[in-house]
Amino acid sequence: GDSVTQTEGLVTVTEGLPVMLNCTYQTAYSDVAFFWYVQYLNEAPKLLLRSSTDNKRTEHQGFHATLHKSSSSFHLQKSSVQLSDSALYYCALSTGYQNFYFGKGTSLTVIP
Amino acid sequence: ETAVFQTPNYHVTQVGNEVSFNCKQTLGHDTMYWYKQDSKKLLKIMFSYNNKQLIVNETVPRRFSPQSSDKAHLNLRIKSVEPEDSAVYLCASSLQGSSTEVFFGKGTRLTVV
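Which chain is which? The protein sequence lines are A and B, in order. Residue -10 is where the first sequence starts when you use our numbering, and the numbers rise one by one after that. Residue 443 is where the second sequence starts when you use our numbering, and the numbers rise one by one after that.
Hint data in this document are derived by calculation from the structure and do not stem from the laboratory. The structure presented is a predicted model; accordingly, all values stated were derived computationally and were not measured. No residue lacks a Cβ here, since even glycine has one placed at the ideal position from N, Cα and C. There may be inaccurate statements among the hints.
[Unchecked claim] Using 30 Å as the maximum straight-line C-alpha spacing, the simulated DSBU-like pairs for lysine-lysine come out as follows:
#, chain 1, residue 1, chain 2, residue 2
1, A, Lys93, B, Lys521
2, A, Lys45, B, Lys521
3, B, Lys521, A, Lys58
4, B, Lys483, A, Lys58
5, A, Lys35, B, Lys483
[Stated by the list, open to error] Example chain B residues on the side facing chain A (calculated, C-beta under 8 Å, incomplete):
#, residue
6, Lys483
7, Leu485
8, Ile487
9, Met488
10, Ala529
11, Val530
12, Gly539
13, Ser541
14, Phe546
15, Lys548
16, Gly549
[To be verified] To give an idea of the chain A side of the interface with chain B (calculated C-beta under 7 Å), a few residues:
#, residue
17, Ala76
18, Leu77
19, Phe91
20, Gly94
Please work from the sequences and hints to get the whole structure.
Okay, structure coming up:
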């Protein structure tokens, strides 16, 4: 079946340093899209990035991700994290049949 | 800016009671969803509704049922709550298509005592 696996648990990074949150997937569908959602404390999850094009980098709010179908990955990266980036991050896969599969979420904590 | 509205924000109830949560979206979307976010922050899809038809049901206990009056509303009813139902219930909506974004409400936190 379709699934998403991402870096689990807690990731702690010092302000100004780079971060990468891993996301890999399994799907039998060809017409799929990939997303990163961010959820700040006591807020709703909201879209950070999306992509459905192989090997094309997509960027938003300083974060970037590139879909690599050859390795079934859609890792999230940022070259220099800020304190305000502390949040819960979800990788998600949509197959177009109203199925959104979310990974288990990664809690990013940025420390001074 | 919120366009998916959920009520109530919080609800505390006893085991065996019936509860109902409301959700309304003002985005003109044709598909709505209910997700359960548990204490470990796992996001699990419970239902999705498209044009008043239930099209996804992920092995949810039968005490849960979605209720829709039109494509802008999707309520969630729990007939007889259990302790393991304590969680945050997130309503969401989207347009059809694989690359379309899902918009979430702020959630309803249910505590079963």
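- Task: Double-check B:Lys483 for me: the hint is only fine if its C-beta lies closer than 8 Å to a C-beta in chain A.
- Result: holds, 5 Å
- Item | Hint consistency between B:Lys483 and A:Lys58 [alpha-carbon to alpha-carbon, up to 30 Å] | Between B:Lys483 and A:Lys58 the Cα gap is close to 27 Å, so the pair holds against 30 Å.
- Hinted contact A:Phe91 with chain B - closest CB pair below 7 Å: holds, 4 Å
- Message: Between the alpha carbons of A:Lys45 and B:Lys521, is the straight-line distance 30 Å or under?
- Response: Given pair A:Lys45, B:Lys521 is violated - Cα atoms ~47 Å apart, limit 30 Å.
- Against chain A, with CB atoms and a cut of 8 Å, does the hint on B:Met488 hold up? Since chain A brings no Cβ nearer than about 12 Å to B:Met488, farther than 8 Å, the hint is violated.
- Query: Does the nearest C-beta of chain B fall within a distance shorter than 7 Å of the C-beta of A:Ala76?
  - Reply: violated, 11 Å
- Interface hint outcome for B:Gly549 [beta carbon to chain A under 8 Å]: The hint holds - B:Gly549 has a Cβ within 8 Å of chain A, the shortest such distance being about 7 Å.
- Item | Status of the A:Gly94 interface restraint (C-beta, 7 Å, chain B) | OK, holds: A:Gly94 within 7 Å of chain B, min 5 Å.
- Satisfaction of hint between B:Lys521 and A:Lys93, Cα-Cα up to 30 Å: holds, 28 Å
- Task: May I ask you to test the interface hint for B:Lys548 with respect to chain A, counting a Cβ-Cβ separation under 8 Å as satisfied?
- Result: With a minimum Cβ separation of about 5 Å from chain A (threshold 8 Å), the hint on B:Lys548 holds.
- So, A:Leu77 near chain B? Judge it on the closest CB pair being under 7 Å. holds, 6 Å
- Message: Let's test the interface hint: is any C-beta of chain A closer than 8 Å to that of B:Phe546?
- Response: holds, 4 Å
Figure legend: structure checked against the earlier numbered hints; hints not met, in rising order: 2, 3, 9, 10, 11 and 17.
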